[in-house]
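Trainee: Okay, here's what each chain looks like letter by letter:
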Amino acid sequence: MININNLQANIEETQILKGIDLEIKAGEVHAIMGPNGSGKSTLANVIAGRPEYSVTEGSVTFQDKELLDMEPEDRAREGVFLAFQYPTELPGVRAWQFLKAAADSIRVHNGEEEYSAREFDQKLKECVAQVAINPELVKRNINEGFSGGEKKRNEILQMTLLNPKLAILDETDSGLDIDALKIVADGVNNFRNKANAVLVVTHYQRLLNYIVPDKVHVLVDGKIVQSGGPELALELEAKGYDWVKGD
Amino acid sequence: MAQIDARYDTYTKDYEASLKKSHKSVQDFKSEAWGSFCEVGLPIARKGNEKWKYTNVSPVLDNSYRIRESSIEGDIKVQNLGVTTTGNVKLVVINGKLSKEMSHGVDNIPGIHVTSLQDALETNSKFVKENLSAHASYADGFVALNSALFDEGLYVEIEGDESDVFVEIVNIATGSENVASYPRVLVNVKENSKACIIEAFFTEDITHHFTNAVTEIVLGKNSTLNHGKVMFESMDSVHMGVTNVYQSESSSFKSANFSKGSDLARNEMSVLLDGTEAECDIIGLYLTVDSQHIDTLINIDHAKPNCFSNIMYKGILDGNSRAVFGGEVLVRKDSQKTNATQSDKNLILSDGAEVDSKPSLMIYADDVQCGHGATAGSINDETVFYMRSRGLDERMASKFLIQAFAREIIDQVDDPGFMEYIDNAYESSIPNAILNLG
Numbered sequence: 048m049i050n051i052n053n054l055q056a057n058i059e060e061t062q063i064l065k066g067i068d069l070e071i072k073a074g075e076v077h078a079i080m081g082p083n084g085s086g087k088s089t090l091a092n093v094i095a096g097r098p099e100y101s102v103t104e105g106s107v108t109f110q111d112k113e114l115l116d117m118e119p120e121d122r123a124r125e126g127v128f129l130a131f132q133y134p135t136e137l138p139g140v141r142a143w144q145f146l147k148a149a150a151d152s153i154r155v156h157n158g159e160e161e162y163s164a165r166e167f168d169q170k171l172k173e174c175v176a177q178v179a180i181n182p183e184l185v186k187r188n189i190n191e192g193f194s195g196g197e198k199k200r201n202e203i204l205q206m207t208l209l210n211p212k213l214a215i216l217d218e219t220d221s222g223l224d225i226d227a228l229k230i231v232a233d234g235v236n237n238f239r240n241k242a243n244a245v246l247v248v249t250h251y252q253r254l255l256n257y258i259v260p261d262k263v264h265v266l267v268d269g270k271i272v273q274s275g276g277p278e279l280a281l282e283l284e285a286k287g288y289d290w291v292k293g294d
Numbered sequence: 017m018a019q020i021d022a023r024y025d026t027y028t029k030d031y032e033a034s035l036k037k038s039h040k041s042v043q044d045f046k047s048e049a050w051g052s053f054c055e056v057g058l059p060i061a062r063k064g065n066e067k068w069k070y071t072n073v074s075p076v077l078d079n080s081y082r083i084r085e086s087s088i089e090g091d092i093k094v095q096n097l098g099v100t101t102t103g104n105v106k107l108v109v110i111n112g113k114l115s116k117e118m119s120h121g122v123d124n125i126p127g128i129h130v131t132s133l134q135d136a137l138e139t140n141s142k143f144v145k146e147n148l149s150a151h152a153s154y155a156d157g158f159v160a161l162n163s164a165l166f167d168e169g170l171y172v173e174i175e176g177d178e179s180d181v182f183v184e185i186v187n188i189a190t191g192s193e194n195v196a197s198y199p200r201v202l203v204n205v206k207e208n209s210k211a212c213i214i215e216a217f218f219t220e221d222i223t224h225h226f227t228n229a230v231t232e233i234v235l236g237k238n239s240t241l242n243h244g245k246v247m248f249e250s251m252d253s254v255h256m257g258v259t260n261v262y263q264s265e266s267s268s269f270k271s272a273n274f275s276k277g278s279d280l281a282r283n284e285m286s287v288l289l290d291g292t293e294a295e296c297d298i299i300g301l302y303l304t305v306d307s308q309h310i311d312t313l314i315n316i317d318h319a320k321p322n323c324f325s326n327i328m329y330k331g332i333l334d335g336n337s338r339a340v341f342g343g344e345v346l347v348r349k350d351s352q353k354t355n356a357t358q359s360d361k362n363l364i365l366s367d368g369a370e371v372d373s374k375p376s377l378m379i380y381a382d383d384v385q386c387g388h389g390a391t392a393g394s395i396n397d398e399t400v401f402y403m404r405s406r407g408l409d410e411r412m413a414s415k416f417l418i419q420a421f422a423r424e425i426i427d428q429v430d431d432p433g434f435m436e437y438i439d440n441a442y443e444s445s446i447p448n449a450i451l452n453l454g
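As they're listed, the protein sequences go chains C and Z.
As numbered in my numbering, residues 48 to 294 make up the first sequence, in order.
As numbered in my numbering, residues 17 to 454 make up the second sequence, in order.
These are calculated hints, taken from the structure and not from any lab test.
Certain hints may be false.
Claimed, not checked - Which stretches of chain Z does chain C cover? Using the computed rule of at least three CB atoms under 8 Å from a CB of chain C, they are:
| # | region |
| --- | --- |
| 1 | 398-409 |
| 2 | 419-425 |
What the hints assert, rightly or not - List time: in silico DSS-like cross-link candidates among lysine-lysine, alpha-carbon distance up to 25 Å:
| # | chain 1 | residue 1 | chain 2 | residue 2 |
| --- | --- | --- | --- | --- |
| 3 | Z | K106 | Z | K36 |
| 4 | Z | K415 | C | K186 |
| 5 | C | K270 | C | K112 |
| 6 | Z | K349 | C | K170 |
Claimed, not checked - To give an idea of the interface, some chain C residues facing chain Z are shown, with a C-beta separation under 8 Å as derived from the structure:
| # | residue |
| --- | --- |
| 7 | A73 |
| 8 | G139 |
| 9 | Q205 |
| 10 | D289 |
No residue lacks a Cβ here, since even glycine has one placed at the ideal position from N, Cα and C.
Using the sequences and the hints given, assemble the complete structure.
Mentor: Right under this line is the structure:
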């Protein structure tokens with residue numbers, strides 16, 4: 048699905064990613080864990096194409112295409128989805144219209160027709176029910192005045208609706224209570240299948256009790272220092288990040 | 017009578033005809049107004065004439081706009097021309113003349129009384145005699161012209177605060193070319209009363225026309241008026257609108273102004289806060305494209321202490337269009353504890369478009385809170401990345417951002433039906449521009 052080779056990236060003049068190698072196959076869920084400032088969020092954002100980061104070395108091939116050559120909207124249309132750590136409020140942008148435009152841009156890219164208003168309404172209703180989000184929220188301006196939990200849930204709604212090939216969750220668990228965490232995890236577990244892949248970026252092991260990853264990677268100072276199975280997350284939880292840092 | 021300027025021949029003919037069909041009391045009123053018009057004339061854009069510095073009304077003078085009766089009144093699909101489904105009183109004014117057959121609701125809604133200004137003058141209505149042209153001044157040539165040429169005019173009296181009086185005054189210009197309309201309204205919101213009034217201006221089956229509208233609104237003590245003005249006339253029309261508002265103690269006036277029509281338009285609103293604890297909130301949105309020129313002037317006079325005023329305007333400019341915004345807030349010497357804010361933000365979509373925005377505050381009291389600003393909208397990188405990460409390209413993201421800019425004003429409209437109407441109207445006419453998304 049995605050193959051990352053020696054990825055190095057800067058923000059302004061500071062190097063954050065110092066050579067990442069990572070391969071995620073279809074059907075897999077990978078977790079990236081690491082202390083604050085290790086570059087976890089940078090990795091997520093570089094894959095999605097956030098323009099503030101400049102890639103200095105390496106490649107990211109996504110389904111045999113070079114992702115780094117694409118504009119962010121083209122990556123989205125190809126099937127990359129980033130659930131934001133801090134979803135942006137868009138005052139004056141009606142959620143319904145925005146979500147339809149997003150869904151249509153991907154459909155048109157895949158050679159399908161745009162949704163009719165009625166089809167989309169039906170589709171959105173199904174997704175709203177699936178992620179147990181308040182149906183009133185999709186009638187409002189997107190993320191505007193939403194609580195932290197509602198914003199995160201709205202990201203999961205968008206993931207469900209847009210049905211990407213690769214979903215990246217950038218600390219979606221941060222700031223969530225246990226109930227909200229379970230809803231997010233349910234969303235991801237319902238989403239995952241043999242044809243898609245998920246990359247979960249998190250500081251804490253807690254989310255991984257609900258979303259069981261195939262592989263866990265530990266990122267420290269811009270490099271993956273250790274990889275393993277789900278048991279690695281538990282070990283980290285018990286021993287702390289100093290354990291891997293000291294390696 | 018003063019010597020009439022030869023350029024105003026076309027108005028002289030209409031004035032003479034208008035006088036002929038009026039009764040004595042109305043004739044006296046009109047001839048006084050005509051005398052003032054002959055002296056003052058129409059404004060000329062030149063240095064020193066601050067109020068008209070950027071707007072040239074010569075297209076009005078150059079054309080032979082005449083008052084013309086509509087012959088196709090019955091054909092107008094007025095049901096398509098309303099702006100909300102909430103309104104329960106509809107007054108339809110065709111070419112400046114009230115159409116009784118198309119209007120409805122006046123007789124069965126409690127709390128509202130509507131008559132013509134002509135009848136009110138004839139029957140010696142004390143309020144009308146004391147207030148008509150008392151708030152709008154003949155120093156403005158367009159007020160004098162309207163006062164001399166209006167048809168029968170509308171007098172709307174609101175009394176009571178329990179009923180939901182929601183009046184839509186739908187002005188339609190129609191018929192042959194070069195129609196001149198002079199809609200005239202006087203609104204009396206009595207003490208402790210409450211109502212909504214929307215004045216809308218449309219064009220039907222005609223291109224060139226001239227609307228010279230004057231509305232005076234008097235708010236009694238502790239009264240509330242929710243007002244709207246919609247200027248959606250044809251792109252070849254000229255609209256010169258003046259609204260004067262007089263506010264008594266503890267009254268509340270809220271006005272939402274939306275303009276996207278007319279080749280040349282002026283919307284002037286003056287509010288006199290003449291009682292303590294009075295408040296006014298004036299919001300507006302103008303969209304200008306091609307060679308349109310839209311001039312907005314808002315005057316607020318804080319004549320008494322403890323009053324609140326807010327002006328919040330936005331503009332979207334494209335093509336070679338031009339917008340002028342003037343906000344003049346005067347805080348008089350004894351008007352302590354005044355709270356006055358104003359802003360005008362513009363989004364300019366093309367190199368050819370230009371805005372002259374000049375909010376000004378004149379403060380002669382010392383214990384006041386005032387703020388003003390005129391800025392162009394800026395675009396947040398986070399917002400743009402969020403949109404692009406969902407598959408929206410620059411063109412689509414731009415459309416959403418321009419709409420969002422407009423909705424900061426539109427979303428403040430209280431009536432949901434009116435809000436939806438305005439939102440749809442702007443959505444369908446947002447220019448297809450690509451913003452510089454950085």
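Trainee: Work down the list of hints and note, for each, if the structure agrees.
Mentor: Hints, verified against the model:
Against chain C, the region 398-409 of chain Z contributes 11 residues with a C-beta closer than 8 Å to a partner C-beta. That satisfies the three-residue criterion, and the hint holds. Coverage of the region 419-425 of chain Z by chain C holds [criterion: at least 3 residues with CB-CB distance below 8 Å; count 6]. Only pairs whose Cα atoms come within 25 Å are accepted, and K106(Z) paired with K36(Z) is rejected, the gap being roughly 29 Å. Between K415(Z) and K186(C) the alpha-carbon distance is near 19 Å, which keeps this suggested pair within the 25 Å criterion.
Between the alpha carbons of K270(C) and K112(C) the distance comes to roughly 24 Å, so the proposed pair stays at or under 25 Å and holds. Note on K349(Z) and K170(C): the hinted pairing is violated, with a Cα-Cα distance of about 62 Å set against a maximum of 25 Å. Hint status for A73(C): violated, given a least beta-carbon distance of 21 Å to chain Z, over 8 Å. The restraint placing G139(C) at the interface with chain Z holds, with a minimum CB-CB distance near 3 Å, inside the 8 Å limit.
Given hint, Q205(C) at the interface with chain Z, holds; its Cβ is 7 Å from that chain's nearest Cβ, closer than 8 Å. Hint status for D289(C): violated, given a least beta-carbon distance of 33 Å to chain Z, over 8 Å.
Hint check: violations occur at hints 3, 6, 7 and 10; the rest are consistent with the structure.
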